[in-house]
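Novice: Sequence:
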Amino acid sequence: MITTGLKSSPPTGKRSGKPFLSLLGAGALIAYLAWEVYFSTGLLGCFSALQFDSFGQSLPVLNLTAVLVLLGTAEFGRRRRRVYRATRAATQQVRTLALADDFASTLRDFRWFLITLALAVLLLVVGMTLAATPVRVVPPHWPAARLDATMMVGTPRNELASSLADDLLTTRQQRFFVPLIEPAAPRHIGYFIEVRPAPKWDGLTPPRADLSRPLMKVFAPRPGFVEPLYARSGYRVLPMNGVLTAEPWGLARPQMITAAYLLILALMSWAAQWFQAGHRQNLARRLEPNAA
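Here the sequence shown is numbered in our numbering, starting from 1234 and rising by one per residue.
Since the hints were made in silico from the structure, they are not lab data. By construction, the Cβ of each residue, glycine as well, lies at the ideal position given by its N, Cα and C atoms. Keep in mind that a hint or two might mislead.
[To be verified] Derived CB-CB ranges, DEER-like:
hint: 1; residue 1: A1259; residue 2: M1501; range: 15 to 23 Å
hint: 2; residue 1: T1388; residue 2: P1430; range: 43 to 51 Å
hint: 3; residue 1: G1511; residue 2: S1466; range: 52 to 60 Å
hint: 4; residue 1: R1465; residue 2: Q1514; range: 26 to 34 Å
hint: 5; residue 1: R1341; residue 2: P1372; range: 56 to 64 Å
hint: 6; residue 1: N1515; residue 2: L1295; range: 45 to 53 Å
hint: 7; residue 1: M1501; residue 2: G1310; range: 35 to 43 Å
hint: 8; residue 1: V1302; residue 2: M1384; range: 46 to 54 Å
hint: 9; residue 1: L1363; residue 2: T1274; range: 44 to 52 Å
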C-alpha cells in the first residue's frame, strides 16, 4: 500500500490559526471580486476601460476569466511548492501520488470558491434590486414648490445614448443608457436611464426614454466603457449614484449571466476533479508493484 507520506505536526494542545486565516482571506477575496463583478469597478473596470479604448468594446466575462486564471495559477503553484517541501525526503512514487492528491484538492477548493463567488454576486443582485426606490424625472421648468423627495430634475439626452448588448449562448439583448443632464451642470452626467427597445425595434433608431412610465432608482453599475466613451465628447461621468430603470430585475441581467457562467465553471471543475480521482486510482495501481 502506498501512502503520500505527508507528515502532520505533533499535537500541541493549541488550535492552529492558519485554516481560519485562510478562510478569512478567501472570504475577503470573494467579497472583493463579487463587488468588482457587480459594479464593474477596480481591476475588472480598468480592464474594461482599456479594452474599450483599444478595441472599441469591452468583454467583462473574459476579464473575469483572466483574473480567475491568474488567481488559480498562483494558488496551484503555491500548493505545488508545499507538496514538494513536504515530500522532500520521500520516494518518487510517494511524491507522484501526493501531487495527484493535491491537484484533486485544488480542483475541489476552486469549485467551492466559484460557487461561493456566484452566490455572493447573486446576493448583491437581490439586495441592490430590493433596495431600489421609486423616482420621477421632471423637466427643468417644473415648479419648485411642487418638488418632493421622489422627484429628480433633469433632461434625458436621447441623442447621447450608449448601447450595450448582453450575450448568453444563443440569446442577445440590446439595452440603451440615456444620460440625464441637470440644468445646473450641462457637461456632467450623474444618472443614466436604462431604455429597452420595443420587440419590433428596427435596429437603427435609438429608443427614447419614456418618462411617463414609473422608474426605480437602483444602486447598480453602469457599463465599464461609459466613462471613457463620454469623456471623449467632453462629458464627465460623476461617481455612481445609480441607474433609473423601469425593470430593476432586468437591469441586473449581466450580473446574473456572470453568476451562471461561474456556476458552469464550477461544474467543469467538478468534472475535472472526478476524472482526476480516476487518474489517481490508476496511478496508484501502476505504482503499487514498485513499492514492494
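Novice: Indicate, hint by hint, whether the structure satisfies it.
Specialist: Quick rundown of the hints versus the structure:
Checked against the given bound of 15 to 23 Å, the beta carbons of A1259 and M1501, roughly 20 Å apart, stay inside it. In this structure the supplied range 43 to 51 Å is violated for T1388 paired with P1430, their Cβ-Cβ distance being about 21 Å. The supplied range of 52 to 60 Å is met by G1511 and S1466, whose beta-carbon atoms lie about 58 Å from each other. For the hinted restraint 26 to 34 Å between R1465 and Q1514, the CB-CB distance of approximately 59 Å leaves it violated.
Range check, R1341 to P1372: Cβ separation about 58 Å, and the 56 to 64 Å hint holds. Between N1515 and L1295, the C-beta spacing of about 35 Å breaks the proposed range 45 to 53 Å. Between M1501 and G1310 the C-beta distance comes to about 21 Å, which lies outside the given range of 35 to 43 Å. Our hint of 46 to 54 Å for V1302 and M1384 holds, since their Cβ atoms are close to 47 Å apart.
At about 21 Å, the CB distance of L1363 to T1274 disagrees with the hint of 44 to 52 Å.
Hint compliance for this structure: hints 2, 4, 6, 7, 9 are not met, and every other hint is.
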